[in-house]
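Asks: From the two separate chains plus the hints, produce the assembled complex.
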Amino acid sequence: MNKEDHNIIKIVFLTSFGILIISGTIYISFLYSQRQSNNIILPGGVTYLGPSENKNATPPQTSSPTPVRFTALSTESWKSFGGEIYPYSFSYPSSLPLVVFPDDTTDSVAIAWNNIPPQINILLNMEFMDKRDPKSLQQSKIEYVKNWYRYFSGLKGLSKIDKFTNTNGLKGYKAIYINTINQTPNVDVFFEVPNNPDKLIHMGSGVLDPELFDRMVDSLRWNSAHS
Amino acid sequence: MTMPSLFLILFIGLATRLLLVGNPGFLADIAFWKSWSLAALDHGFVWTTYNSNINYPPGFIYILYLMGKIYSFLGNPHDYNSYWSQNNFGFLFASKSIAIISDVLVTLIIYWFFSHFSRVIPSPPAGGSRNLGHQAASSRSQRLLDPSTPSQSSVARDDKLRLFFSAIFFLNPIVILDSAVWGQVESFGILWTLLAIILIFNRRPLPATIFFTVGILMKLQNIIYIPLYFLFIFRYFDLRTVFKSLAVATATFFMVNLPFVLANEMKQVLYLMTVNSDYFPWMSLNAHNLWWIVSGASGMEVTDRITVFGISNAKTIGLLIFSGIYFLLCLLIYRKPTPRNFLLVLLMAILAFFLFTTESHERYSYPVIILLLFLYPFLERKTNNVQKYFWFVYLLLSLAIFFNIHTGLVINYPQNGIGILTKITTSQLTLLNSYVFILGFILLLPYIFSEMSYWFITIPFLIIVSGITLSNASYFFKRKVSLTAFKPVIEKQDYGTPQINKAVNSIQGWKSWSRLSGNYFYYNKGFGSHANSHLVFDINRKFNKFTTDFGVDTESSTLASVVFKIYGDNTELYTSSKMGRFDFPQHAEINVKGVKHLELTITDAGDGINNDHADWLNPVLYK
Numbered sequence: 001m002n003k004e005d006h007n008i009i010k011i012v013f014l015t016s017f018g019i020l021i022i023s024g025t026i027y028i029s030f031l032y033s034q035r036q037s038n039n040i041i042l043p044g045g046v047t048y049l050g051p052s053e054n055k056n057a058t059p060p061q062t063s064s065p066t067p068v069r070f071t072a073l074s075t076e077s078w079k080s081f082g083g084e085i086y087p088y089s090f091s092y093p094s095s096l097p098l099v100v101f102p103d104d105t106t107d108s109v110a111i112a113w114n115n116i117p118p119q120i121n122i123l124l125n126m127e128f129m130d131k132r133d134p135k136s137l138q139q140s141k142i143e144y145v146k147n148w149y150r151y152f153s154g155l156k157g158l159s160k161i162d163k164f165t166n167t168n169g170l171k172g173y174k175a176i177y178i179n180t181i182n183q184t185p186n187v188d189v190f191f192e193v194p195n196n197p198d199k200l201i202h203m204g205s206g207v208l209d210p211e212l213f214d215r216m217v218d219s220l221r222w223n224s225a226h227s
Numbered sequence: 001m002t003m004p005s006l007f008l009i010l011f012i013g014l015a016t017r018l019l020l021v022g023n024p025g026f027l028a029d030i031a032f033w034k035s036w037s038l039a040a041l042d043h044g045f046v047w048t049t050y051n052s053n054i055n056y057p058p059g060f061i062y063i064l065y066l067m068g069k070i071y072s073f074l075g076n077p078h079d080y081n082s083y084w085s086q087n088n089f090g091f092l093f094a095s096k097s098i099a100i101i102s103d104v105l106v107t108l109i110i111y112w113f114f115s116h117f118s119r120v121i122p123s124p125p126a127g128g129s130r131n132l133g134h135q136a137a138s139s140r141s142q143r144l145l146d147p148s149t150p151s152q153s154s155v156a157r158d159d160k161l162r163l164f165f166s167a168i169f170f171l172n173p174i175v176i177l178d179s180a181v182w183g184q185v186e187s188f189g190i191l192w193t194l195l196a197i198i199l200i201f202n203r204r205p206l207p208a209t210i211f212f213t214v215g216i217l218m219k220l221q222n223i224i225y226i227p228l229y230f231l232f233i234f235r236y237f238d239l240r241t242v243f244k245s246l247a248v249a250t251a252t253f254f255m256v257n258l259p260f261v262l263a264n265e266m267k268q269v270l271y272l273m274t275v276n277s278d279y280f281p282w283m284s285l286n287a288h289n290l291w292w293i294v295s296g297a298s299g300m301e302v303t304d305r306i307t308v309f310g311i312s313n314a315k316t317i318g319l320l321i322f323s324g325i326y327f328l329l330c331l332l333i334y335r336k337p338t339p340r341n342f343l344l345v346l347l348m349a350i351l352a353f354f355l356f357t358t359e360s361h362e363r364y365s366y367p368v369i370i371l372l373l374f375l376y377p378f379l380e381r382k383t384n385n386v387q388k389y390f391w392f393v394y395l396l397l398s399l400a401i402f403f404n405i406h407t408g409l410v411i412n413y414p415q416n417g418i419g420i421l422t423k424i425t426t427s428q429l430t431l432l433n434s435y436v437f438i439l440g441f442i443l444l445l446p447y448i449f450s451e452m453s454y455w456f457i458t459i460p461f462l463i464i465v466s467g468i469t470l471s472n473a474s475y476f477f478k479r480k481v482s483l484t485a486f487k488p489v490i491e492k493q494d495y496g497t498p499q500i501n502k503a504v505n506s507i508q509g510w511k512s513w514s515r516l517s518g519n520y521f522y523y524n525k526g527f528g529s530h531a532n533s534h535l536v537f538d539i540n541r542k543f544n545k546f547t548t549d550f551g552v553d554t555e556s557s558t559l560a561s562v563v564f565k566i567y568g569d570n571t572e573l574y575t576s577s578k579m580g581r582f583d584f585p586q587h588a589e590i591n592v593k594g595v596k597h598l599e600l601t602i603t604d605a606g607d608g609i610n611n612d613h614a615d616w617l618n619p620v621l622y623k
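So the protein lines, in turn, are chains Y and U.
According to our numbering, the first sequence is numbered sequentially starting from 1.
According to our numbering, the second sequence is numbered sequentially starting from 1.
Excised from the complex, chain U in its bound form (with noise of 0.2 angstroms):
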């Protein structure tokens, strides 16, 4: 009976996404698509990570040439006017594909998965230790996933149960909506690390790991995983185990960027692996959490580099909450290392993630509704309230990501999202998700606090004070902050990019790094710069001088010629004579007491920009 309701299920899901490829979904998602799988399919792997702009990881680059393939098929990718058209049919169909194919494989995994629980969570040895990791499932709920037990109406109560959670899965709006809609790639990333889960249940972690490997070089995310996965490992097999599972992992590594090794690029993985760090730097991407509170539901228009705490801006201490709460995972998965506590610290900490660090996606929760359903045998469900508790939360949570996944579409294009929805979509109704989202998180602890004293949830507390001390020491202690440790909220230079504490040609790699001075005086501290250049920061209000001292750096050539410029909210402070190359640096003290934005600026003295590479040095904050 259970494999034809299976088979229904599949095939209503199927021809719902069917039904809804046609839909142009998130334009700017699938036009770099277009572009990158057409770069993949014209000139291979290595070349399209120089000559296109993507920003996902090396492993998805055989994904997009798989989209360009499946559209080759179709359609041809050279042909200008069709292939860039929006409603280009075929390439929707060849995009989205991929994630309806990952929806399908992972339904049939939970699906075996509950149809093999007994199996795949070996049984405790008899009067064996809490840490093998069973005694979390109740007898009652081995009654109803396993498949040995005899019993007719145990069976029955079986085959509901796999049914459901399939059904739950495949027919979620969540699952359709970021597949078949929007056309992204969730269930294709999630898909690596489930398979990784069961084999690690199976007791298998080095089969685990490749797939663990390959998930994170697929979908960045899956990164937030490792810390937890490899302490998985050591507390649940051993050390000697770690060691074999870290060479599998790094064989893994170099086969799955073999073009880049054989090319000798792996410079290019190390790009494509870190260029979304400070990518978008907003509060939120559309992500309803902390952050879109914070900024009044406008997370995509006011930076993360503003100063929201001491001398600490938005993203430092959006990291610091996840780092506390990360760490409080990690000691739980120490002490207890049994599966559902694994499931638990993976859930918590992708939802941790998208809900206390800034630029967080809308479909950073996305992997939530899938190890909820995966967590659910685990649980202990002594009682009715109990298991109504779980479903409360886990419908709270469905119902917040997808509201929140679909205003994330429809407020870049509202022609493809739920009419009557898109409609009733406001600021206001986000931030309530937001809150329902911080609810549904808040509703979950007890699941970690089940198996660990609450007293423990101070460590995260203690972890962010602690971090917050020790980011704000300089300026509650010593009275006073060197400029380099706010991140310029505005940054704009006519050659290259603000460098840390170096030169501006070090931006042409580490064999060209080089120090800041000023007519061979040399400095530790500043910003290697060049005209014309406006660095703002957000100072808050905080501090009372400003000393800096300033010139055009040794490594410019003998024409350049620079004005410095500081001004203090749109109020001119200072202003330096014409210096060039052969002048020593200079020095200002400036008054900033009440000055919220600190501008420095660097003109081209009405000459042209040409050799004029000039740098602020060894600049100051006095409290």
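With the rest of the complex left out, here is chain Y (with noise of 0.2 angstroms):
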């Protein structure tokens, strides 16, 4: 074996070497990765997120539509999702596409489903009475409830509040509110937070099913361990 040789055979075993760690370190990578929390990650404020799948397809409406509500089969199982700031937690069917927002100081959850915008399909969000009004903190809860739908033009009214305690020990109040062509499509629930009097948890039924949302309220929980 000549010197040429033996340079080839060098070349060609360091190379060989060389791409051999290369695909062995992007494999590792991948699997961190894949180790990753899988969220969805939207961008803040208004975006391009891709092209809407329906648009030239929905025929003309003569009518209002019947809404389109997300269920899951008895059979799915379910996941836990918590907050990215605050320590809540709450399960949900896996088949559930949940979003969340980057750098949301209010630690908002929404629905990603049926081509409806996310950020207008919010499933919880942390509620800050003060920053609503801070004359809010001198209310009850359950009179700042009540008037709750006033901070919103396409709300008129408070059809219906219950108060309730879920499984998990937590205070909450179901609001129905009539909006202003006198419909009541949502339940709004909202959470007393241990130790926070100036926080709520808001969660809205929006798309779901409600029964699939009343399993959803139940399962919420506060871990007061890091409040």
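Nothing false has been slipped in among the hints.
If you anchor each label on the Cβ, the simulated ranges turn out as follows: (1) U:623 <-> Y:147: 42 to 48 angstroms; (2) Y:51 <-> U:104: 31 to 37 angstroms; (3) Y:133 <-> U:301: 17 to 23 angstroms.
In short, the hints are calculated from the structure, not lab data.
For glycine and all other residues, C-beta sits at the position ideal for the given N, C-alpha and C.
Replies: Below, the structure written as structure tokens:
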């Protein structure tokens, strides 16, 4: 074997070794990424999230459409979701696509389903009473919930409010508000936060099947050790 | 021997980066890039500027398109769940690959530069002028870096040195953190500036200007260098070359923006180049600098519109300090236009911008670690102490920059940083780091004053003092100030944005600009607003009296109805009667002694905001 052949073998060996190492590092990196949370993260603000698949496919509506509700099979497995900033957690069906927003101080969770922009389909958010109105801290929680609709131009009154406690011991208020076209499509639930008198956890039923929503509301817990 | 060693450095650095690519990095940046690259991929460059919230310069849209294109080979960007998932490895790989390739290219440029130093920097003619730019490279450094010198020992030292500099950059934790972990593109931005610098040193100013202009359109921070760049061309070459370079820059600008030119949408280019001004009006965007100290390590929570001296706000003071230092750098490059000084002024300009202006990001200091390396061979290194001094400053700034960028990452995404470092990162440590940065800046000043007298240090101070005096002249001498000299610390209204000296409909563009008026009484100064409006000014207890006229603007319809209210530190000081379109402007005189926050409020008078265009007219504060 002459020197030139020897060099070629050396180059081939080193190149193969290099490719092997690089491939290995990419694979390890891939495995590492798959161990990270697979939350859907959407950019903040109003921006492009992809083409609307139903564009041009929807026939003109001649009457009010029946709202489509997300539901899940009774056999479906449920997962747990925890807040990024605040120590709340709740269970949800694994097929429900949940998203969060980067740097969102209200620690909101939204539903990305049926081409409805998640920004207008919020499932849960932290409600800071003093940010709505500093004077609201002087009110009782139930008074705050009764008057919550006043912060939204699309709502005009309260239809019903019930006080309850969920299975995890959180005290809550279930409210149904009347919108400006005299409909009551949603259920809004407000939970008191232990040791945080200025905060409430707000959950909205939105596109969820009522039974599914009730089960999720019931599963909400607050890890007070971190509060 | 050097080439295998260079390959080894590149191999180790590349493997390290690829190992870290799977880190989700700065989730918000990655999420925005997904949105913008998808928009560019689906609908093209111009469409993206209208239908996404992109705030990067127009040239970067090509890079976003490239990210999207690379990803489309690895996955389907229209598969909602996999695309937007935070651990989407394909997109992490696609987006970070741009920065990683840039890291490799910058390393090769460093290696090439140090291999060809004497050819890149032409030798001065015998007995030549000091202005030709070579005097600062001592004979020793010449021997070390000039490959034409044949001695065995010097060749070995050359090899070691160029490998050392290549490794210092490519294996630098700052560079790896920025590109492979965070997913940012600082190395991509500086790459263009480096190419321009080397071509200029090689006396090719026109190709250099092409790269320089592209760099500005790719990474906006490069805009800082423009005056220094053209001043250097003027002094290193001549005025004729400046004009030629300006022509090349203009042609390059239009070529890069060709899609916008063809679509007759150059206004979008202007928008992208200016949208970042006041985009985040905070003291410091996690930059450990002067304003991080002033805000008590809460730079992202304190607006830079607060009054800090006289009636000047933090932003104005910051810009004045930066302008003073920048003028000194211009003087240096004008008096001694050497390659050494060119590198030095670029370095000091970006460091001063990072340290002294408000709204500075933590990553703005990044170019310092590269420009310092390029400066090294030009420095006089007669003694070991001088070399030790350089490396001490380099190490100090490197540690400060790394800690700052790491803190910027983990303050948002603690799980994506280095666990131990994240745990020990405290507010006090970030404040200490800000002082270290300022110390690093001061330690670099001798490199300026070895080229000019220490007396020149008075010039920045004179500029800063003159600037502050001028901006406060009305307050000190006339004892009255128009409120329009203040920027509101809080501004909120239910339609449009507050307009200074114009009615609110002026937001629709220059064709709709109209003067402030109430029932055809016209005013030069004031705020054009719209109910419900809330403007808060930090007048910092400097005034005794506030006077203003107010009324519904002539441009509104006959259905307008509003009420004007004035508050001082949350106490109601004045409430007007309900005013309509045909009411003449009213007048108010208010005692504001001891008031820090003056609040001007316009309500819709309880009947909705439609048509409620209303103005604060000639608002004046009296000392």
